[in-house]
Each structure stands twice: as structure tokens, then as C-alpha cells.
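The chain contents come next:
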Amino acid sequence: MITLFGKRIRLFRPRSIWIRRIVQWFFFLLITLIAVNHTLVENGVGIPFLASASLHAVCPFGGVETLYTFLASGLLVRKIHDSSLVLAGIVLPLAFLFGPVFCGWVCPLGTVQEWVGKLGKKFFKRRYNHFVPTKLDNILRYARYGILIWVLYVTATSGTLVFEAYDPYFALFNFWSTEVAPTALLILGVTLVLSVFVERPWCKYACPYGAVLGITNIFRVFSIKRAESTCKADGACSIMCPMNIEVDTVKTVRDHQCISCLECTSEAICPVARTVVFTAGGVK
Amino acid sequence: MTLTSKPLAIIVFIAIFGGIGLSSTFGWWQTESTKEPAKYTEGEFAGTANPADIRGSYTFGDISNSFDVTPEILAQAFQVTTDTPASFPVKDLESLYLESGYEIGTNSVRLFVAYYLGLPFDTTGQEIYLPQPAANILQKHTTLTPEQSTYIQTYTVDVKPASLVDIEMSPAQSEGTAPEAGPTTSAPEAGTSSEEEYAVKGKTIFGDLIRWGVSQETIEQIIGAPMPDPAMKVKDFVTANGLEFETVKTQLQAEVDKVKP
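Here the protein sequences line up with chains D and H, keeping their order.
Take the first sequence: its position 276, counting from 1, is numbered 276 in the numbering used here, and each next residue is one higher.
Take the second sequence: its position 254, counting from 1, is numbered 538 in the numbering used here, and each next residue is one higher.
The calculated DSSO-like cross-link candidates involving lysine-lysine, where the alpha carbons are at most 27 Å apart (straight line), are: (1) D/Lys251 x D/Lys232; (2) H/Lys487 x H/Lys519; (3) D/Lys79 x H/Lys485; (4) D/Lys79 x H/Lys544; (5) H/Lys517 x H/Lys323; (6) H/Lys485 x H/Lys319; (7) H/Lys517 x H/Lys533; (8) H/Lys519 x D/Lys79; (9) D/Lys79 x H/Lys487; (10) D/Lys251 x H/Lys290; (11) D/Lys284 x H/Lys290; (12) D/Lys232 x H/Lys290; (13) H/Lys542 x H/Lys517; (14) H/Lys517 x H/Lys487; (15) H/Lys519 x H/Lys485; (16) D/Lys79 x H/Lys323; (17) H/Lys533 x D/Lys79; (18) H/Lys319 x H/Lys487; (19) D/Lys284 x D/Lys251; (20) H/Lys533 x H/Lys544; (21) H/Lys323 x H/Lys533; (22) H/Lys517 x D/Lys79; (23) D/Lys121 x D/Lys135; (24) D/Lys284 x D/Lys232; (25) D/Lys118 x H/Lys290; (26) H/Lys544 x H/Lys519; (27) D/Lys135 x D/Lys251; (28) H/Lys319 x D/Lys79; (29) H/Lys487 x H/Lys544; (30) H/Lys485 x H/Lys533; (31) H/Lys533 x H/Lys519; (32) H/Lys323 x H/Lys519; (33) D/Lys118 x D/Lys135; (34) H/Lys533 x H/Lys487; (35) H/Lys544 x H/Lys517.
Pair ranges (Cβ atoms, derived): (36) D/Phe175 x H/Asp541: 28 to 36 Å; (37) D/Asn43 x H/Gly385: 28 to 36 Å; (38) D/Phe219 x H/Thr408: 56 to 64 Å.
These aren't lab readings, by the way, just hints derived from the structure by calculation.
Even for Gly, the Cβ is constructed at its ideal location relative to N, Cα and C.
Make the full structure from the sequences, and use the hints.
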């Protein structure tokens, strides 16, 4: 840490939130093992001491999908289990407090998109994640709310998990099974290809669960805040943001797309200590 | 209060796994459907498992967990020759007897279990077929009422299950079973076969009917009431409203047949 022109600057700063990578790897491996074990158990050769639940049972979005049916009739949509409601009940308060940490830290589909995105970063350097024209991008980012409304409507009116046929998360962890609809595989393929050009394309433009959790960004307790008094305005935080949020132009990030990855903070990319922070209080 | 990545990671872990642990202690963490049939709610057998709620997804082993019938007896009754009768799925019976021309399936197992244990079972308006060995076991093992004897005599058929080689094994059944072990079968996965997809069964929900193209008005005309939540099973609604499932099923199937592609 040195002081230059009255500002404290960290000379050897980490480039990313390494512990987030570990958490992402953990949940990716956990879900992969559960999905594989589910198939193995169906074929009579499960791995002992490992959960073999279906993917639907360990996805919190199932809890959102079945909520209307559950409240209206006390029933769960077919293939959804109580565990989905439990997970939704855990993730939502987390989001009220810390924003969509589920998206940025836990969701394995988000993780896989980030991994593929590393290829894009290598190929395209600074052009990566800036291919979509701003005007179009701004409009497309609201598409996920339309998808959310559609999913909730068709699930409530049909009582079945219609979204399963389009769900790239289900396809990612079930691509070896006959349960996966070709449409879901196609959407997964498109998502992975787009991830080479755009960071987290599914999360940005299409994820209905991201839409639900994203709303909490508007009023969450802990937010990304920027101290204007110490900010160098070098734009590093905005460049680093996977969701293209212009962190350096706001005091508090209330953008509905923030995924609480903390990559923009002084702990990661921001060179000035305690300037971009994740806090429940204020900053100078 | 400012948070950094490490405390946030710990909070995420504690929230998720602590929440799961806590919900487990309350019995809320259920990742699969329980295979426990509903119980009789009234009368002499109140509190006893009701064979009418045996599902196609149950295996013979699941049935023996809830009823005092061994998988071996069930296998013998339904002519399923396998080394592992406990893992034989009830839904596979239908394809096993497909070529016989008689519908021998989940309903047949329900009837067999009920009569075997002397439990009440409503057969009004239903044609539930049993293979000859099942009828033989019932006549030998239990005292049937004259009505039950007549019913069985009427609907017992001397049929053989399909040959092993003609039928693909389902994963649950294939567990530990040598290929030459005996007749095994595989019902099509729900939703993967058009025949399966458009058949009104005990597990069919109102949402399925709508998805297949039957209008809500038509459904309401048949059930004589406003359509309940789409996630509700037709059978559950019909039973709860004192209607006869077989009658409603036939009418709905006719409508489904009209609109299916």
C-alpha cells in the first residue's frame, strides 16, 4: 500500500475474488455429482453417501415456479419437491440482504458461462463483452422479465413444468439423459457459444430466476458503494463488471443486473483501498 | 458495516447448508415423492394403507413396504419371472401384457392386494383383469365374499406375459437381473411416447388435458364443476367429488382422442 497524491494505492492487489471461484467450483461439482448419481441410482449403481436427488429437487427456481400452485391448492407442480421451496426460501432472504449472491456465487450455469467467457477474453481482449450495441443491450436486458412472466403463467395454467423443455441448466446437467428436450439442448448450445462473446448471456438476457433475484438489487441491505472522495475514476470497476454495470458513474449500485460478485470492489480490481465496497452503511 | 468476500462466502455456505439442515430437522427437506399410499380415513380400516392408492411408479418392493404382500407373491401372481421381484415397477405390467389384449396393470395390482389382504376395494363400473395365477392365489390364500368371487371369475383371463426377448428392460427392473432371468418389460417413459402421452390415467392432471388440447369448457362439462387447479390429478378430484373415475376417464379419453395429433 502506498500513498500517492493523497490517495492510498495497493501495489500488489488480487485481480479477482478467488474465494468466489472456490465456492463456484464447489457448487458446480456438487450439482454435477448429484446429477450423475441420480442417473446411476436409476440404473441401480449409485454412489454411496451422495445425494441422488433430481435436478428439479435442488433448484430453487422450482420453488418460484410452483409457488402459485402451492398457494392456490396446496399442491406442488409435478416433478417439484418440497426441497425446491426450501431452497427458494433460503435464497430469497439472502438476496434481500446481499443481492443475487446465488447468481454470482452458486449457480453452476453462471459458473460455466464464466468459464467459457475466459476463452472470449483471451480471443477478443477488451472487445470481449462489448459486442452488443448499447441500445439493443439495454432493451434485451428486460427480456428476462418477459420470460419470467411467461414461465409463471404457463406453469400456473398447466400445472406442469413447461420451462423444463427450454431450461439450459437442466440440459447442462442432464445432457446424457433422454429426459432433456432438444430445445433445451439447443438453448444451452446457443448460450455457451454466445458466452464466447458476451459474459453470462443467459443471466443477462433470459434467466427468469435472475429476474426474480435481480429485483432485490433495488432495495437490498448490502450494496456495492463507491466513495466519490477517493475514487480515481479510472473506470476499472466498470471494465471488470461481468454485467457491464457502470459502477464508476454511481454512488450506490442499484442496477437490477448486479450479481454481487464483488469483482468491482477495492478487494479486487479497484486500486484504491475502501473506495468500492460492499456495505450496509454509507461511504464518503 | 462492510463485508468482504470471505465472510460473504461463509454466510452463503451457512445459509444454504444450515437452511437445508434446519429444514431436514423439521422434515421439510424432501427431494423425492414418498412412496407411501394414502390411508383409509374412515371405517373399520381407518389408518390402514389403501391399495387404491398404489401408483404405477411403485415397485413390488415399495408395495411390500406398505402392505403385507411379499414381492415374490406379486411376481408369482402376475407371472413376472425375475431374480429381483422387489425392483419390478408396477407400471411395467401394462407393456408386459400389451399383446394379450387385456389391460392388466396398476389397477390389477390394486385389486389383487386389496383382495389378498381382505381390504375394501370399489370395483363398481370397472373391468379389472387378473391373470389366472393371481386368481388362483386369491382363491387359495383368502376368503373372498361371493361378490368378490364372482368378480374375479368374470375378469380372470388365462394370458401369458410377453416374451423376454421382445421387451426392453427398464432401468429399475434391470438392476441385478441377468438378461436370461425371466420376463421383464419397460413401460415408455412418461411423456416420451405418444400413446403414453395421450392416455388418461390415474396420474393424469388437469394441466395434461389442457396441454393435449381439450378445452376447459369440455372438461368442466364432463366433471360437472369448475375446473380445479391444473396441477390436481383428475382422479383425486373425481374421487373427492363422489364421481366414478372410470366413467369420467372414458369421457375425457374420448375428448383427448378427438384432439390428439
